[in-house]
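Chains as they are written, first to last, in this note's numbering: chain A, 490 to 596; chain B, 45 to 195.
Watch out, some of these pointers could steer you wrong.
One side of the interface only, derived from the structure: several residues of chain A facing chain B at Cβ under 7 Å [what the hints assert, rightly or not]: (1) VAL498; (2) SER501; (3) ASP525; (4) ASP527; (5) ASP554; (6) ILE557.
Far from chain A by the CB rule (all over 12 Å, computed), these chain B residues [unchecked claim]: (7) THR87; (8) GLY123; (9) PHE179.
Worth flagging that the hints you see were computed from the coordinates, not collected in a lab. No residue lacks a Cβ here, since even glycine has one placed at the ideal position from N, Cα and C.
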Amino acid sequence: MASKPRIKVPKSASAGEVITIKTLISHEMESGQRKDKDGNPIPRKIINKFTCAFEGQTVFECDLDPAISANPYFEFNAKVPASGTFKFTWLDDDGSVYEAEEPIEVK
Amino acid sequence: MKLTRRHVLGLTVGAAAFAVAGARITPALASVEDTDKSIMDFTGGVAPGEGKITLTAPEIAENGNTVPISVSVESAMEGDDLVESVIIFADGNPSPAVATFHFTEMSGAALATTRMRLAKTQNVVAVAKMKDGSFFMDKKQVKVTIGGCGG
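Bound-form chain A, shown alone (with noise of 0.2 Å):
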C-alpha cells in the first residue's frame, strides 16, 4: 500500500531560478505479468498518473506504464516564479488519489 510519499524541495529558491525536485512513494507497481504460487495471474495495479503542480499550473506530468519499477521514483526540474506551494497527485489504477504538498520561498 502507497505510504506517505518522500519528496525533496529546495526550502527557498531565487524568482525565476530553476531548481530539481524528487519524488518517491512506496507502491509495489504490480505489472499484471506476474503469477502467483498457483500459477494465477496478479491482477494489475500500479500508479498510472503522476503530477506535480504549482500554484494550479502544471509543472510536470508523467503517465506510468507496468514498465516502472516499483516505488516509483521522479526527479524533474520547476521553474520558480515567486512564493507559493507545490501539489504533487499519485493516481492509483483502483482510483485511489495520494496527495502530498511543499511550500517554497522566494527570497
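Starting from the structure of chain A, add chain B where the hints point.
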C-alpha cells in the same frame, strides 16, 4: 437484490480475472516492430530526427527491476522552443510502453529521471515531441543480468 459492498467486490474481481485471462493469449514479449509501430503512433507517422535528446541509461544493469534512466532535451522551454512530451519505450519488454513525461514552460528544463523494469537485454528508446511538431529520438542498449518482470 440489494447491492452490497461484498457483491461489488466480487463482481470487480471477476471482471479483472476475465480481463487477465484474455490478455494471456497475446504473445509474451513485445518486438522491435511493436516498438517501431508505437513510435509511429506517437509521432503521427513522422520519422524522428537525431540529436537534441539524450537518453542516459546504464550499459549493464545487474538488476532489471530498477534500472535508472534519465532523459534530457536541449530546449529553451519558452515560446515555440518547447518540449511538449518525451515517451520511453523498451523493445524487449512484455509491452513496449514505459512512461510518457509531459513538460510545460513551468518545468524550466526538459529533464526527467525515473527507474524502470527491463525483462532482458534490450534497447531503450526515448522520443521527444517539440512544440513546433518535430520529433527527436535517442536509443541505448542495456544489458540485463537478472530480468525484472517476474516469472
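Min Cβ distance, SER501 of chain A to chain B: is it shorter than 7 Å?
The hint is violated - SER501 of chain A has no Cβ within 7 Å of chain B, the shortest such distance being about 16 Å.
Is the shortest C-beta separation between ASP554 of chain A and chain B less than 7 Å? 4 Å, holds
Take the shortest C-beta to C-beta distance between ASP527 of chain A and chain B; is it under 7 Å?
13 Å, violated
Just to be careful: measuring from the Cβ of ILE557 of chain A to every Cβ in chain B, is the smallest value less than 7 Å? 6 Å, holds
Practice problem: Would you check whether the claim that GLY123 of chain B is not at the interface survives, using Cβ distances to chain A and the 12 Å cut-off? | Solution: 14 Å, holds
query = Is it the case that PHE179 of chain B keeps its Cβ farther than 12 Å from each residue Cβ in chain A?
reply = 18 Å, holds
Notebook entry, point to check: Can the hint on VAL498 of chain A be confirmed by a CB-to-CB distance to chain B that is less than 7 Å?
Noted result: 13 Å, violated
Evaluate the condition: distance from the CB of THR87 of chain B to the nearest CB of chain A exceeds 12 Å.
-> The claim stands: THR87 of chain B keeps its Cβ more than 12 Å from every Cβ of chain A (closest is about 17 Å).
Grab the minimum C-beta distance from ASP525 of chain A to chain B and call the hint holds if it beats 7 Å, violated otherwise. 10 Å, violated
Comparing the model with each numbered hint stated earlier shows that hints 1, 2, 3 and 4 do not hold.
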